[in-house]
Amino acid sequence: MSAKNILITGGSGLLGKQLTHELLNKGYNVSHLSRKPNPNNTRVKTFVWDVNKGEIDPACIDGVDTIIHLAGAGIADKRWTDKRKKEITDSRTKSIALVYSLLRDNPHRVKAVISASGINYYGDCGDRILNEDTPPANDFIGNCCVDWENAVDQGTEFGLRIVKFRTGVVLDKKGGALPKLAIPVKLGIGSALGNGKQWVPWIHTRDVIGMYIFALENERLAGVFNMVSPLPVTNLQLTRSVAAQLKRPLWAPKVPAFLIKLLFGEMASLVLGSVRASALKIENEGYQFKYADIGSALKEIYG
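Take 1 as the starting number for the sequence shown in the working numbering and just add one per residue.
Honestly, the hints are just simulated from the structure, not real lab data.
Possibly wrong hints are sitting among the right ones.
In the DSS-like style, the derived pairs of lysine-lysine whose C-alpha atoms are separated by at most 27 Å in a straight line are [said to hold, decoys possible]: (1) 281 with 111; (2) 197 with 78; (3) 86 with 36; (4) 26 with 299; (5) 53 with 78; (6) 85 with 17; (7) 53 with 36; (8) 197 with 173; (9) 197 with 247; (10) 94 with 45; (11) 45 with 4; (12) 290 with 197; (13) 53 with 17; (14) 17 with 45; (15) 111 with 94; (16) 174 with 36; (17) 4 with 290; (18) 111 with 17; (19) 78 with 173; (20) 174 with 17; (21) 299 with 186; (22) 261 with 78; (23) 36 with 94; (24) 36 with 85; (25) 173 with 186; (26) 247 with 299; (27) 83 with 53; (28) 36 with 17; (29) 111 with 4; (30) 173 with 17; (31) 261 with 86; (32) 26 with 173; (33) 17 with 78.
Label pairs and their calculated CB-CB ranges [unchecked claim]: (34) 302 with 109: 42 to 48 Å; (35) 147 with 124: 17 to 23 Å; (36) 55 with 83: 17 to 23 Å; (37) 55 with 173: 32 to 38 Å; (38) 218 with 156: 17 to 23 Å; (39) 77 with 50: 18 to 24 Å.
Ideal Cβ placement from N, Cα and C applies to all residues, glycine included.
The whole structure should be built from the sequences, with the hints applied where relevant.
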């Protein structure tokens, strides 16, 4: 194991916590960049930064081999006002720029940056199979992902190995999209969204963690990869699978697209857009999925 010291931005989030736990168990030294100190966590050193003020503790890069960039305001947490859109983009681009300014001005031994990006980079593409060369959508999330990835790519200036993961819909019992989807299903009123034919580029949380560790430990890996299951499902198939796993009926009519747009505005594209993304590129690099099909993924989560 050549990379031993890992700095994570966004380490206090759902995925950051799980990734930290896994890395610690594998013998890595892990530190976090956070807006607040965390003296209660004795296993992880937390360094403080304030992206909006351009402030960062320079000690955060001491001895670090690899930076994992997960920081970013929640995309679906609040309605997309112009102010919120700016927060979503800036929290991803200005944060990594602040880290790079530190690398530019100080001696360091960082060799790689592994960063999140978003699968909604591609936008609504119907039944088309999307690979990493497919052009981005010309909408808010597409533009945000382009800016995000371009900001991360600035690390090539320092000769860093750059890996970017266009992350799909992460299935996890404790957070993200699945608990929201499961609530009406548990109440017996679950239903597909829109026409239900839109493709959902899902991925089990264990494969998200697995892919980050795969990128960390395979030093030849570089470039951009879709972080999605090799077997995507439609929204209707996903809803049916959740209902079957929870042993609940699925009888309610589909939620009309116009109603979702009325309730959520532009943000409705996150659930109505069809993103049939391919996982072939990362599979060809040797990554083996732990949960490739939706049945086994949901059985692990709810079983």
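Here is what the structure says about each hint:
no., hint, in the structure
1, 281 with 111, "holds (23 Å)"
2, 197 with 78, "holds (26 Å)"
3, 86 with 36, "holds (22 Å)"
4, 26 with 299, "holds (26 Å)"
5, 53 with 78, "holds (23 Å)"
6, 85 with 17, "holds (25 Å)"
7, 53 with 36, "holds (14 Å)"
8, 197 with 173, "holds (24 Å)"
9, 197 with 247, "holds (22 Å)"
10, 94 with 45, "holds (22 Å)"
11, 45 with 4, "holds (14 Å)"
12, 290 with 197, "holds (26 Å)"
13, 53 with 17, "holds (25 Å)"
14, 17 with 45, "holds (13 Å)"
15, 111 with 94, "holds (20 Å)"
16, 174 with 36, "holds (23 Å)"
17, 4 with 290, "holds (24 Å)"
18, 111 with 17, "holds (23 Å)"
19, 78 with 173, "holds (21 Å)"
20, 174 with 17, "holds (12 Å)"
21, 299 with 186, "holds (16 Å)"
22, 261 with 78, "holds (14 Å)"
23, 36 with 94, "holds (18 Å)"
24, 36 with 85, "holds (23 Å)"
25, 173 with 186, "holds (13 Å)"
26, 247 with 299, "holds (12 Å)"
27, 83 with 53, "holds (17 Å)"
28, 36 with 17, "holds (15 Å)"
29, 111 with 4, "holds (11 Å)"
30, 173 with 17, "holds (14 Å)"
31, 261 with 86, "holds (21 Å)"
32, 26 with 173, "holds (23 Å)"
33, 17 with 78, "holds (22 Å)"
34, 302 with 109: 42 to 48 Å, "holds (43 Å)"
35, 147 with 124: 17 to 23 Å, "holds (20 Å)"
36, 55 with 83: 17 to 23 Å, "holds (22 Å)"
37, 55 with 173: 32 to 38 Å, "holds (36 Å)"
38, 218 with 156: 17 to 23 Å, "holds (18 Å)"
39, 77 with 50: 18 to 24 Å, "holds (20 Å)"
No hint from the list above goes unmet by this structure.
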